[in-house]
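Protein chains in written order, with our numbering: chain R, 1 to 225; chain Y, 1 to 157.
FYI, nobody ran anything at the bench for these hints, they're computed from the structure.
Careful: at least some of the hints might be erroneous.
A short list of chain Y residues far from chain R (calculated; beta carbon distances all over 12 Å) [as the list claims (entries may be wrong)]:
no.	residue
1	THR41
2	PRO42
3	LEU47
4	PRO49
5	LYS51
6	CYS105
7	GLU111
8	PRO119
9	PHE124
10	PRO135
11	VAL147
List time: in silico DSBU-like cross-link candidates among lysine-lysine, alpha-carbon distance up to 35 Å [said to hold, decoys possible]:
no.	chain 1	residue 1	chain 2	residue 2
12	Y	LYS24	Y	LYS51
13	Y	LYS24	R	LYS33
14	R	LYS33	R	LYS122
15	R	LYS8	Y	LYS73
16	R	LYS32	R	LYS122
17	R	LYS8	R	LYS32
18	R	LYS32	R	LYS173
19	Y	LYS82	Y	LYS51
20	R	LYS33	R	LYS121
21	R	LYS37	Y	LYS51
22	R	LYS121	R	LYS37
23	R	LYS32	Y	LYS24
Here are the simulated distance ranges between beta carbons [to be verified]:
no.	chain 1	residue 1	chain 2	residue 2	range
24	R	PHE213	Y	ASN81	45 to 51 Å
25	R	ILE221	Y	LEU40	32 to 38 Å
26	R	THR159	Y	GLY29	20 to 26 Å
27	R	PHE213	Y	HIS121	23 to 29 Å
28	Y	ALA32	R	GLY177	24 to 30 Å
29	R	LEU102	Y	ALA122	54 to 60 Å
30	R	LYS37	Y	LEU40	23 to 29 Å
31	R	VAL129	Y	PRO49	42 to 48 Å
Backbone N, C-alpha and C define an ideal beta-carbon position, used for all residues, glycine too.
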Amino acid sequence: MAAHTRPKWGTRVGDWLDERFDVRIPLEAFLKKPVPKHAIRWYFCLGGITFAVFLIQGVTGILLSLYYRPTPEQAYESILFIMNNVRFGWLIRSIHHWSASLMIATCIAHMLRVFITGAYKKPRELNWVAGVFLLLLTLAFGFTGYLLPWDQRALWGSTVGSEILGVIPLIGKALLGLLRAGADVTGLTLTRFYGLHMLVLPVLAFLFLAVHFVIIRRQGISGPL
Amino acid sequence: MDESTRRTEEEALDRPISRRRLFKYILLGVSAAVTAGGVLTPIIAYLWPPKQAAAAGGGRVAVGAAADLPVGKGQVYSVNNKPVIVIHTADGYHALSAVCTHLGCIVTWAEQRAVIACPCHAAFFTTNGDVISGPAPAPLQVYRVQVEGDQIYVEGG
């Protein structure tokens, strides 16, 4: 073996990039931050698991959008097509379906951990607030996604669910009309929920996730009990 | 034994790589490959054009009811996943490829002028597929067409 071996391929790529962007030191500080000993527990992983499920929902959701058609005439047909004709369509849709419920469960489990360990206390109050918004966004994802198959369960589920909005004093009826795009759940509601589910909620979720993550890296994880 | 000591030892032994290290690389490599394959295979298969209700492949295909295509009318059908225009004129049925030989637009039957017309660049064809005018460099391919009972059948594709 020669005494002067060339540095590893990965190191050379890193050197090349660092020479140009001067990024190694800040990146290492960001990536090599040690996890405190008291936090190396499975229940400290629940937030990360929720984020992983969110990414799975993103990938499977994009895949579903390639075959799904958000019109009253074709929505249910396109779901049947995905389940019966598209290769692994049953798998992609089932992962999206089950992960939706899983994400709410892991989200709440993560909140329970934060609550029980008191991690929401000063100075982390605002990250708790951001987290509550993320829970609400997760529920909104679930609620808008529930209508999209456009079967009987979806239609009546969305009818009953949105009805709750109508009992708010004074503005309830107006909000209900705004959500449903009319008096009833119709094709207009379907496209509205589709737009929310596909565009509005993902943008908001990424925003709040960015805030959530920046704050946790800035403040660090809370101390041991 | 830490990483650097081991590396020095390997170099001293003039072995490029230890058995333990090789085994570790193989194990990690196979795990990564299996995981990537398990995730990517369904995704690529999902993106692959799905099977449609109409059967693919050659042979004779019933395209529609003869009653729906009276004299003077023309209609584009899908024959083995290829568009075929069927025209019913006074001298019988004609079936031709509906893909214009110019740039591949789907031709239509111009009923008033009794010619096949391409909507993209105004190429015109006779019912035999010959070019009348326009940029099309070649005639349309002719298919065999039969009417049995109430059904129109197109052969080939």
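A quick look at each hint next to the structure:
no., hint, result
1, THR41, "8 Å, violated"
2, PRO42, "4 Å, violated"
3, LEU47, "7 Å, violated"
4, PRO49, "10 Å, violated"
5, LYS51, "6 Å, violated"
6, CYS105, "25 Å, holds"
7, GLU111, "29 Å, holds"
8, PRO119, "25 Å, holds"
9, PHE124, "36 Å, holds"
10, PRO135, "35 Å, holds"
11, VAL147, "31 Å, holds"
12, Y:LYS24 to Y:LYS51, "42 Å, violated"
13, Y:LYS24 to R:LYS33, "26 Å, holds"
14, R:LYS33 to R:LYS122, "22 Å, holds"
15, R:LYS8 to Y:LYS73, "72 Å, violated"
16, R:LYS32 to R:LYS122, "26 Å, holds"
17, R:LYS8 to R:LYS32, "20 Å, holds"
18, R:LYS32 to R:LYS173, "52 Å, violated"
19, Y:LYS82 to Y:LYS51, "15 Å, holds"
20, R:LYS33 to R:LYS121, "23 Å, holds"
21, R:LYS37 to Y:LYS51, "53 Å, violated"
22, R:LYS121 to R:LYS37, "20 Å, holds"
23, R:LYS32 to Y:LYS24, "23 Å, holds"
24, R:PHE213 to Y:ASN81: 45 to 51 Å, "48 Å, holds"
25, R:ILE221 to Y:LEU40: 32 to 38 Å, "34 Å, holds"
26, R:THR159 to Y:GLY29: 20 to 26 Å, "53 Å, violated"
27, R:PHE213 to Y:HIS121: 23 to 29 Å, "54 Å, violated"
28, Y:ALA32 to R:GLY177: 24 to 30 Å, "53 Å, violated"
29, R:LEU102 to Y:ALA122: 54 to 60 Å, "57 Å, holds"
30, R:LYS37 to Y:LEU40: 23 to 29 Å, "37 Å, violated"
31, R:VAL129 to Y:PRO49: 42 to 48 Å, "47 Å, holds"
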